[in-house]
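Number of protein chains: 2
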Amino acid sequence: MADERTTPRRRTPRSDGIRTRQAILDEAARLATVEGLEGLSLARLAERVGMSKSGLFAHFGSKEELQLATVERATAIFTEDVFEPAAEAPNGLERLQALLESFLSYVEVAVFPGGCFFASAVAELDTRSGPVRDRALGVVADWMSALEGAVRDAQAEGLIDPGVEPAQLVFELDAYALLGNGQFVASGSKEALDRARRAIANRLDAVRVARSL
Amino acid sequence: MADERTTPRRRTPRSDGIRTRQAILDEAARLATVEGLEGLSLARLAERVGMSKSGLFAHFGSKEELQLATVERATAIFTEDVFEPAAEAPNGLERLQALLESFLSYVEVAVFPGGCFFASAVAELDTRSGPVRDRALGVVADWMSALEGAVRDAQAEGLIDPGVEPAQLVFELDAYALLGNGQFVASGSKEALDRARRAIANRLDAVRVARSL
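Line by line, the protein sequences are chains A and B.
When you read off a place in the first sequence, starting at 1, and then add 19, the result is the number in the working numbering.
When you read off a place in the second sequence, starting at 1, and then add 19, the result is the number in the working numbering.
Source of the hints: derived by calculation from the structure; they are not laboratory data.
Mixed in with the good hints, there may be bad ones.
Any copy will do: because identical chains look the same in the list, a pair fits if it lies in one copy or spans two.
Stated by the list, open to error - Calculated pairs, SDA-like style, for lysine to any residue (alpha carbon to alpha carbon, straight line, at most 20 Å):
(1) K209 - Q187
(2) K82 - E54
(3) K209 - P185
(4) K209 - R147
(5) K82 - R92
(6) K209 - T146
(7) K82 - G55
(8) K209 - P132
(9) K209 - A186
(10) K82 - E57
(11) K82 - E46
(12) K209 - Q116
(13) K209 - A160
(14) K82 - G149
(15) K72 - L87
Pulled out of the complex, with its shape left as it was, chain A reads as follows (with noise of 0.2 Å):
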């Protein structure tokens, strides 16, 4: 096996692979995120990324796989672009304000033109049942998660009054996130991210515990 760090600009046939598929799946996550994870077709896709069908085929076998495939990438950009971040806040208030800010940047600089994923894909499949839905509301459930686990860091903390409900804050906090995403996408105007920042700020201060006290 050569040595890759003396050939750092070598491309193996295996990672070519990996970054054809993962550019693969880009396109096909913002392009679900316009026409559905239902309207992702394989010949849709195929067109889009400049390859043959069958080329496609050969990466996902069937439109299952590729929905699932894309569900992954679009959690691993989820993943980098909003929980990271405010992985290093240094207390639960701060963490819950940096996860809440961090998706909103992430709908602002339009990783997906039509918006969070997520949000995008629950809205079609809430309905329906199956894998590809079950995953997507899995991410649902960890971003809840993760902002409720910061209210009660923050709650621990002193930071954050402790008579708050913390799943009733956070269903607030999150109501205000996801509409100015869909007013953003919908509007393509900045003011409803601007309406959820200051939403957001309005109720963290009314529950935030004074520094005096």
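Go by the hints and put chain B onto chain A.
Frame of chain A; chain B shown alone:
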């Protein structure tokens, strides 16, 4: 022309036609909240209402005409179920509460299996263009205007703090209602609607002018 008052149970071909059209569109609107307005093919709908595709084609002519007629029917249902019950409220604050409660009831009794028809349509069509999207967004704009009008009236009546920005308050209240809708459809649990109701009540408590003033 026959005197219709003397033959109240007689069904003219015309009223039969209207009844049939309405029954088809009720089914189309239900189907659209599950499979999307784009998924609403004449073939699929024909199967659901037990008519031939050519029979349906005689009613609507094209998929876009069917989509537009479906949005129009859903608008009539939304008006009857959400706008009208609130119209009798004696003041702006009670009208605001009635609009939000009638929205949550319309979701809760599952008028449509996929929750609010317009939330579903906008989530699907937000990145598209065309008259179907525009009419669905028009109903959402009417909803936001009705809420904002109620807030302004309540401020003029001395019932809501005049320092509150109406559009910001409406954003927050609408966010709770929409997340209640979304989570209720995805989970089937009424807990989401309870959370939305609690969030609305708490938010209005915070902006309500105290009686003694």
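Tested hints:
Taking the shortest alpha-carbon separations for K209 and Q187, only the inter-copy value of 14 Å comes in at or below 20 Å, while the best intra-copy value is 27 Å. In this assembly of identical chains, the alpha carbons of K82 and E54 lie at most 20 Å apart whether taken from the same copy (14 Å) or from different copies (17 Å). With identical chains, the CA atoms of K209 and P185 are at most 20 Å apart between copies only, with a shortest distance of 18 Å across copies and 28 Å within one. Only between protomers do K209 and R147 lie at most 20 Å apart by alpha-carbon distance; the minimum there is 18 Å, versus 32 Å within a single protomer.
For a Cα distance limit of 20 Å, the shortest separation of K82 from R92 inside one copy, 15 Å, qualifies, whereas the shortest one across copies, 34 Å, does not. For a Cα distance limit of 20 Å, the shortest separation of K209 from T146 across copies, 15 Å, qualifies, whereas the shortest one inside one copy, 30 Å, does not. For the identical chains of this complex, K82 and G55 are neighbours both inside a copy (13 Å) and across copies (19 Å), given an alpha-carbon limit of 20 Å. In this assembly of identical chains, the alpha carbons of K209 and P132 lie at most 20 Å apart only when taken from the same copy (14 Å versus 32 Å across copies).
Within a single copy, K209 and A186 get their C-alpha atoms only as close as 28 Å, which misses the 20 Å cut-off; across copies the closest is 15 Å, which meets it. In this homomeric assembly, K82 and E57 come within 20 Å of each other (Cα to Cα) both inside a single copy, at 9 Å, and across copies, at 18 Å. For the identical chains of this complex, K82 and E46 are intra-copy neighbours only, at 15 Å inside a copy versus 28 Å across copies, given an alpha-carbon limit of 20 Å. In this assembly of identical chains, K209 and Q116 lie within 20 Å of each other by CA distance solely inside one copy; the values are 19 Å within and 28 Å between copies.
Only between protomers do K209 and A160 lie at most 20 Å apart by alpha-carbon distance; the minimum there is 17 Å, versus 27 Å within a single protomer. Taking the closest pair of Cα atoms, K82 and G149 come within 20 Å of each other only inside a single copy of the chain (13 Å); across copies the shortest separation is 28 Å, beyond that limit. Proximity of K72 to L87 under the C-alpha cut-off of 20 Å is restricted to the intra-copy arrangement: shortest distance 18 Å within a copy versus 34 Å between copies.
Consistency with the previously given hints is maintained throughout, with no hint failing.
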